[in-house]
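Build the complex: two chains, separate frames, hints provided.
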Amino acid sequence: MRRHWVLVTGLLVLLYLFLPIFVVAALSFNEPSSRLSYDFHRFTLDNWANPCGPGDMCDAVGRSIEIALLATLIATVLGTLMAFALARHRFRGRDATNLLIFMPMATPEVVMGSSLLALFVAGGVSLGFWTVVVAHVMFCVSFVVVTVKARLAGLDPRLEEAAMDLYAGEWQTFYRITLPLVAPGIVAAALLSFSLSFDDFIITNFNSGTTVTFPMYVWGAAQRGIPPQVNVIGTAMFLIAVLIVVAGEIINRRRAA
Amino acid sequence: MSVAAIGAGTGSKQNEPPQKTGRAWLPYLLLLPAGLWLLLFFALPLVQLGATSLYDPTGSLSTGYAMTWSFGNYPEALDAYKWHFLRSLGYAAVATAICLLLGYPLAYAIAHRAGRWKNVLLVGVIAPFFTSFLIRTLAWKTILSDNGPLVEALRTLHLLGADGRLLATPTAVIMGLVYNFLPFMVLPLYASLERLDQRLLEAAGDLYAGPVSTFWKVTLPLSMPGVVAGTLLTFIPATGDYINAELLGTPREYMIGNVIDSAFLVRLDYPQAAALSFLLMAVVLLVVFVYVRRSGTEEIL
Numbered sequence: 000m001r002r003h004w005v006l007v008t009g010l011l012v013l014l015y016l017f018l019p020i021f022v023v024a025a026l027s028f029n030e031p032s033s034r035l036s037y038d039f040h041r042f043t044l045d046n047w048a049n050p051c052g053p054g055d056m057c058d059a060v061g062r063s064i065e066i067a068l069l070a071t072l073i074a075t076v077l078g079t080l081m082a083f084a085l086a087r088h089r090f091r092g093r094d095a096t097n098l099l100i101f102m103p104m105a106t107p108e109v110v111m112g113s114s115l116l117a118l119f120v121a122g123g124v125s126l127g128f129w130t131v132v133v134a135h136v137m138f139c140v141s142f143v144v145v146t147v148k149a150r151l152a153g154l155d156p157r158l159e160e161a162a163m164d165l166y167a168g169e170w171q172t173f174y175r176i177t178l179p180l181v182a183p184g185i186v187a188a189a190l191l192s193f194s195l196s197f198d199d200f201i202i203t204n205f206n207s208g209t210t211v212t213f214p215m216y217v218w219g220a221a222q223r224g225i226p227p228q229v230n231v232i233g234t235a236m237f238l239i240a241v242l243i244v245v246a247g248e249i250i251n252r253r254r255a256a
Numbered sequence: 000m001s002v003a004a005i006g007a008g009t010g011s012k013q014n015e016p017p018q019k020t021g022r023a024w025l026p027y028l029l030l031l032p033a034g035l036w037l038l039l040f041f042a043l044p045l046v047q048l049g050a051t052s053l054y055d056p057t058g059s060l061s062t063g064y065a066m067t068w069s070f071g072n073y074p075e076a077l078d079a080y081k082w083h084f085l086r087s088l089g090y091a092a093v094a095t096a097i098c099l100l101l102g103y104p105l106a107y108a109i110a111h112r113a114g115r116w117k118n119v120l121l122v123g124v125i126a127p128f129f130t131s132f133l134i135r136t137l138a139w140k141t142i143l144s145d146n147g148p149l150v151e152a153l154r155t156l157h158l159l160g161a162d163g164r165l166l167a168t169p170t171a172v173i174m175g176l177v178y179n180f181l182p183f184m185v186l187p188l189y190a191s192l193e194r195l196d197q198r199l200l201e202a203a204g205d206l207y208a209g210p211v212s213t214f215w216k217v218t219l220p221l222s223m224p225g226v227v228a229g230t231l232l233t234f235i236p237a238t239g240d241y242i243n244a245e246l247l248g249t250p251r252e253y254m255i256g257n258v259i260d261s262a263f264l265v266r267l268d269y270p271q272a273a274a275l276s277f278l279l280m281a282v283v284l285l286v287v288f289v290y291v292r293r294s295g296t297e298e299i300l
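In order, the protein sequences belong to chains G and W. Residues 0 to 256 (numbering that gives the first Met the number 0) are what the first sequence spells out, left to right. Residues 0 to 300 (numbering that gives the first Met the number 0) are what the second sequence spells out, left to right.
Same shape as in the complex, but just chain W (with noise of 0.2 Å):
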């Protein structure tokens, strides 16, 4: 189900449908109830977010907030938490390097070597959403266990630190990030990969290109859209995410969403969660459109 969306989402630009005439209003009556919610519970919020931030931060919850235009909330906010902000972007920018690399032949074997088990692997992709994302980060904390079979069989082949741990570590945290994100790789990268035609493929053959250079000159250019739509759509949550780190790290590992959690939720210091939310919307915006520019591929938005 999921594999439409996400296939259309990566299709180069849709093509216009035809001019109807009359009835100009009957669009704008189509689109009125959809886009009212949307501006009224995604973009008026996302205001509301930049005016909190600029609350006195001398103010609390109960004796109310006072606009003071404060700006220095962004950088004590920076200031306190800029080494959760470098991990939440180095975990999330090696879990979707993996990602790539795991998801890369999977959606290759899907497209290309599945024969008629296509459908049926497409749904093996998608399957694990089937149960709830906190269940299987929790089953994670059963593999990954002190006393599991896996961390014995590291503990023996001494691939494991000093502690001999898994869990708890940013291992376990980038693992989980990895596990949890992958489908949002696989299914771009099948889209634009199932419409590579193969007697390219072929043709490089014929023209004495070994498999290793079809594949950089044809096969990974080709694949480009595919690839840049699955490194943002597994980034870009995977920078927000802090159940990964919350059930399989430990406060060293905490990202800058546990930080946002705890400030909103628990510390009730809203200016500076505010603060927090929008630097992490700004570097996300940021880093997509540098790499949607870098890579060329700026049809996809």
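One chain only, chain G, in its complex shape (with noise of 0.2 Å):
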């Protein structure tokens, strides 16, 4: 027994992370009894039915995505740069690179999201959809980094050398070696940004002007009543996920078979 003692409080504290799941999942089948009422009162299955529903929900997805895209294409493309520069390459400002990178993950998120309002308003800049996708490069830029440098890390250098040795050229090698090998961290660079894009709301509320995003609803709801679509697309938000993470490891394991 006293081995388990771990395994069972490790597992109960699973649980409790995951019990907010279950809520969000049973109140997407909730007829709550009034706007501002967040107890589950009747089962409907009018939410999946109609998830477009309450007027703007849907609109604001639609822009969250479309910020997301943005966002995650533009601090992939250039996270995965610098990755490069800092795994393969000795330069100096190598320490005050690495500062550079490690300082957005560790400031508070309002302090971020204030003081690049600072900016934008001494700057005259308006408010709206491309300063908060300037912000969301800003945030998500650091985690892309870190997570296709980990991949570069982790690479055997010998691949590269082999191809080499076999008469292919630099770029060759870059093209049809390197690049294949990191690609896994790269997607899972461009999936983190994705969901860190799509989820922010602090950032986002300080940098948004009118603009709408998803988080942005969602809170606006929160003060005038929440409809129970959100649930709804709080749970397919999940389900979603859980299949990506599926496929992406049957690919793993197939590729490794």
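Derived by calculation from the structure, the hints in this document are not laboratory data. Computed from a prediction, not measured in an experiment: that's the story for all the values here. Incorrect hints may have been included.
Stretch by stretch, here's where chain W covers chain G in the computed footprint (C-beta under 8 Å, at least three residues) [claimed, not checked]: (1) 4 to 18; (2) 42 to 55; (3) 120 to 134; (4) 159 to 167.
Take a look, some chain W residues computed to stay more than 10 Å from chain G by CB distance [to be verified]: (5) 43; (6) 59; (7) 73; (8) 75; (9) 96; (10) 146; (11) 158; (12) 193; (13) 207; (14) 260.
For glycine and all other residues, C-beta sits at the position ideal for the given N, C-alpha and C.
Next comes the structure, spelled out in structure tokens:
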């Protein structure tokens, strides 16, 4: 028994982490008794049948997806380039660069969001879609660099040396050996960026002006009364993410086999 | 996915890459775009935040602010909101301690007891992130609700205070913080416990150390990098968070983030808001610096 208490405690903590997910899934089938009620009242399938029921919620979801795609694309490209510089080259200013990568991860979001707002206001930049994209790229880049760098550090340098020994040119080695080997790291970084951007509230709240992303919509709705369809979106997001993870695992296993 | 990120962050000194000959400009070209982006939209804003915090406090957004080097904004802001600061630090410290107590057994179980279920459990730790932060926090509003089974059970056991509520109390806010930042504690702990050589534990046992003293003398010291990284990754966002205080608490539980948010976006008192934000940054950096110094794990930075 004593050997097992760690495992049992661990599983209980994991259950605690999952509790709200079950609640969100259950509430997605709820017909609330009033707009401001958070309690389960009556079972219904209406929310799933009509997920875009509440006015502009799906617009907000669409806008969040657009922003997350753009931010992910830019952050992944910029972050991957920087990861290559840090993992493959020695140069003056390495430590300063590492600090610049680390700092955004160690700064409270409210400080980053408010300082960016101070800059935009001082510079007379009008807030909206593009200021949100700029902000999201800023906080995603660090995570991309760290993720891709970790993958690059784990690569066996002998594979590239072997390619060169077999008369592959530098570019050929890069395209046919290095890039495919780093690709899983880049994909992971892109997925991480997407979910960070899609879910961001605090920094977005400071820099969005009148642009409403999905988290901004939920925040606003929390004051006026949450439509149950919000939980449909929450549950759907969860299921899609699980699917992506499972698919990734299957692809990995196939490759390994 | 973030496992890799955080795992890499906790690693000790990275191996220096080999020096490549020729083309010394290449690394600079590679890091220029991201470096510029971070300088322009992370570093420069902090400078502007510092400048804004010294603007003339009698100005307004419509009439414009004059730069008057008003250092008086700082004592004024601190005096008005010192309790919010202390509350933020207190809530974040308690939440971090609870995260450590909950996260350690989970991280240990995944690293050394899970066998072939390891990856599944790791995905389980980050799975809550698959739904939105706000939606998860709102779900706690349902769980802690006055009419919910949890509150009912606690009332029957007479474990609740005079008003018999959980929601809208400091407990609810701290619980929300614990919940939302627990994965940030578990992942670095896991990364560091995973590297723990089981033979060291066997050796301790062979030398007649009981499980308790093995833990204190071997396991815990060897996992210190994970403990430090985990507490920082939990404490920093928890101090600045205001979503939990807003959704699960009342204005009596407001943290410094709530004040900064409303000073910038509702009251439009930019100099004061900037001063508060800058102070928060300074306090967090100070705490991080002292903590890392004292725990003797500078290399994680």
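Cross-check of the supplied hints:
With 11 residues having a Cβ less than 8 Å from any Cβ of chain W, the stretch 4 to 18 of chain G passes the three-residue criterion, so the hint holds. Under a criterion of three residues with beta carbons nearer than 8 Å to beta carbons of chain W, the stated coverage of the stretch 42 to 55 of chain G fails, only 0 such residues being counted. By the rule of at least three residues with a Cβ nearer than 8 Å to a Cβ of chain W, the coverage given for the stretch 120 to 134 of chain G holds, with 4 such residues. Coverage of the stretch 159 to 167 of chain G by chain W is violated in this model, with 0 residues showing a Cβ closer than 8 Å to a Cβ of that chain against a need of three.
Non-interface status of residue 43 of chain W relative to chain G is broken: a Cβ of that chain comes within 10 Å, the nearest being about 6 Å off. Separation of residue 59 of chain W from chain G is adequate, the least Cβ-Cβ distance of about 12 Å exceeding the 10 Å criterion. Every CB of chain G lies more than 10 Å from the CB of residue 73 of chain W, the least distance being 15 Å, so the non-interface label holds. Listed as outside the interface, residue 75 of chain W is consistent with that label: its C-beta sits roughly 18 Å from the nearest C-beta of chain G, beyond the 10 Å cut-off.
Interface exclusion of residue 96 of chain W from chain G stands, the closest Cβ pair being 15 Å apart, more than 10 Å. Not every Cβ of chain G is farther than 10 Å from the Cβ of residue 146 of chain W; the closest lies at roughly 5 Å, contradicting the non-interface assignment. Residue-level check passed: residue 158 of chain W sits 18 Å from the nearest beta carbon of chain G, beyond 10 Å. No Cβ of chain G approaches the Cβ of residue 193 of chain W within 10 Å, the least distance being about 14 Å, so the stated non-interface status holds.
Look at residue 207 of chain W: its CB is around 17 Å from the nearest CB on chain G, clear of 10 Å, so calling it non-interface holds up. Here residue 260 of chain W does not stay apart from chain G, with its beta-carbon only about 7 Å from theirs, under the 10 Å limit.
Consistency with the previously given hints fails for numbers 2, 4, 5, 10, 14, ordered from lowest to highest.
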